[in-house]
Every structure is written in C-alpha cells, then in structure tokens.
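Given the sequences, and given the hints that come with them, work out the whole structure.
Quick note, the sequence shown lines up with residues -18 to -1, 1 to 203 if you use mature numbering (1 follows the signal peptide of the UniProt record, and there is no 0).
Since the hints were derived computationally from the structure, they do not count as laboratory data.
Hints should not be assumed to be uniformly reliable.
Claimed, not checked - Result set (EDC-like, lysine to aspartate or glutamate): computed pairs, CA atoms no more than 20 Å apart in a straight line:
| no. | residue 1 | residue 2 |
| --- | --- | --- |
| 1 | K153 | D176 |
| 2 | K49 | E105 |
| 3 | K48 | E77 |
| 4 | K131 | E145 |
| 5 | K153 | D118 |
| 6 | K122 | D58 |
| 7 | K169 | E88 |
| 8 | K123 | D60 |
| 9 | K161 | D76 |
| 10 | K122 | E104 |
| 11 | K162 | D102 |
| 12 | K123 | E147 |
| 13 | K134 | E145 |
| 14 | K57 | E47 |
| 15 | K52 | E88 |
| 16 | K49 | E88 |
Claimed, not checked - Label pairs and their computed distance ranges (CB to CB):
| no. | residue 1 | residue 2 | range |
| --- | --- | --- | --- |
| 17 | K131 | V20 | 54 to 62 Å |
| 18 | P168 | Y46 | 20 to 28 Å |
| 19 | K131 | F37 | 39 to 47 Å |
| 20 | F37 | E188 | 31 to 39 Å |
| 21 | E192 | A142 | 26 to 34 Å |
| 22 | K122 | A16 | 45 to 53 Å |
| 23 | E165 | P133 | 37 to 45 Å |
| 24 | G34 | E196 | 39 to 47 Å |
The beta-carbon is built from N, C-alpha and C at its ideal position, and this holds for glycine as well.
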Amino acid sequence: MLPLLAFPLLMLWACTSAKDALPVYWNVPSASCAKLGVHIPLSEFEIIHNKGEEFLGEKIVIFYEKKFGKCPYYKDYDPMQPINGGLPQNVSIDEHLAVVEKQINETIPDENFNGIAVIDIEEWRPLYEMNWGGKDVYRKKSVELARSKYPKRSAKEIEAIAEKEFNQASKTFFMRTLKKAIELRPKALWGLYDFPFCNAKAGDMEGDFECSKEAQRYNDK
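What follows is the structure, encoded as structure tokens:
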C-alpha cells in the first residue's frame, strides 16, 4: 500500500441539519491500495467517495491553482518567476475564465453534477494584509506595481494604493471564478479551500473551540 501521506488528502465535512448524520467526504485515490489487497472500509462507515476510489469523480472534485485557469502566482515565491502575471492585478480575467470553462467541462462532464467541487488556491491569500511570511512577495510586488504607476506619491500613499488594487483585483478574480463555476455546474456545492479562514492554533487551549477574532475579521472582509 502506498503511504497515504503521499496522496493529496482532503476530507470535507458538511453539516446538514441537527437530525442528520455528519457527512464525511474522502478524495484520496486509494484504488492503489485495493490493487495491493488492502481494503479501506469506506462504504461500511458511510464515507462518501468517488466510484473506484478515484481522486476525481462523481462525488467530489478538486481544482488546484497551478492547473486551473490562469491563476497568477510567483513560482517558489520568487519575485523573478511570475506565472500568469504573478499578481491578480495582472491577470487577464477573460482568458482565465475561458480556460476555467474548458477545464470544468472536461473534469465534470455531467451537467447535473451535485457533489462537492473545491477550488484550491493557496499560493496567495485574498486579502493583501493576509500575505505574510513567504507570501509577502505579493505585497512587495503590489507596492512595486503601484509605484510604477504613481512615482510621485509618498510611500504611505503607495502602500494604500497597493493594498486597494490587490484587494479589488483579488475579489474580482475569486468572485468571477466562482460565478463562472456555478453557472457551468449550478447543482454542485462549490467552495474555496481553507475558507472560512481560521487560526491554526484554534482548539489548542482547553475550552477554546473558536477561531480568533482576527481570523473572523478576515472572513468578514
């Protein structure tokens, strides 16, 4: 059996109503395990999974940014390696959506697909202020872009412009991508991986079962 950690693993929980059981989704391509005589009792535990335990199927699909549309990002967070413009401000949304449409039609041929469809974009976060650590390249390049357009503005003004332009472009990118996805497969349960956002340490302290106020503030934006 191949190590499960070698596979992209995503288990999604979706609450329905208080009287219903909690649905658990599995999209590990564990058919490889079955070929080696290892049986994972998914059906016995009523775990929802694709036919043949395939990664993409009739119950759940996931689109990764580097193979979805023309998602902009910096390879390895290197400012010298922009892909599709690097920043959401630079991407051609119409070209992106044209590729998205083709890929959705190929990956989900059934127009009545009503499973879970996940768009996984992790290279950068939707809000300018959330791009910390290695993702700071998106803030720096946004500042650089703003400065190239407004060379006479102060550093403080440039920072404000960079944040505004990034957030506006990011919102347009995500909203129009989701709108196109819903338009093509209206019965699917579309969502963005990692959102709503929550702080990584939620639940570490006894009695702490909520996301931080800061994380909630990000989501409200």
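Verification of the hints:
| no. | hint | result |
| --- | --- | --- |
| 1 | K153 <-> D176 | holds, 16 Å |
| 2 | K49 <-> E105 | holds, 13 Å |
| 3 | K48 <-> E77 | holds, 15 Å |
| 4 | K131 <-> E145 | holds, 14 Å |
| 5 | K153 <-> D118 | holds, 18 Å |
| 6 | K122 <-> D58 | holds, 15 Å |
| 7 | K169 <-> E88 | holds, 17 Å |
| 8 | K123 <-> D60 | holds, 11 Å |
| 9 | K161 <-> D76 | holds, 13 Å |
| 10 | K122 <-> E104 | holds, 18 Å |
| 11 | K162 <-> D102 | holds, 16 Å |
| 12 | K123 <-> E147 | holds, 12 Å |
| 13 | K134 <-> E145 | holds, 17 Å |
| 14 | K57 <-> E47 | holds, 12 Å |
| 15 | K52 <-> E88 | holds, 16 Å |
| 16 | K49 <-> E88 | holds, 13 Å |
| 17 | K131 <-> V20: 54 to 62 Å | holds, 57 Å |
| 18 | P168 <-> Y46: 20 to 28 Å | holds, 23 Å |
| 19 | K131 <-> F37: 39 to 47 Å | holds, 43 Å |
| 20 | F37 <-> E188: 31 to 39 Å | holds, 37 Å |
| 21 | E192 <-> A142: 26 to 34 Å | holds, 31 Å |
| 22 | K122 <-> A16: 45 to 53 Å | holds, 47 Å |
| 23 | E165 <-> P133: 37 to 45 Å | holds, 41 Å |
| 24 | G34 <-> E196: 39 to 47 Å | holds, 42 Å |
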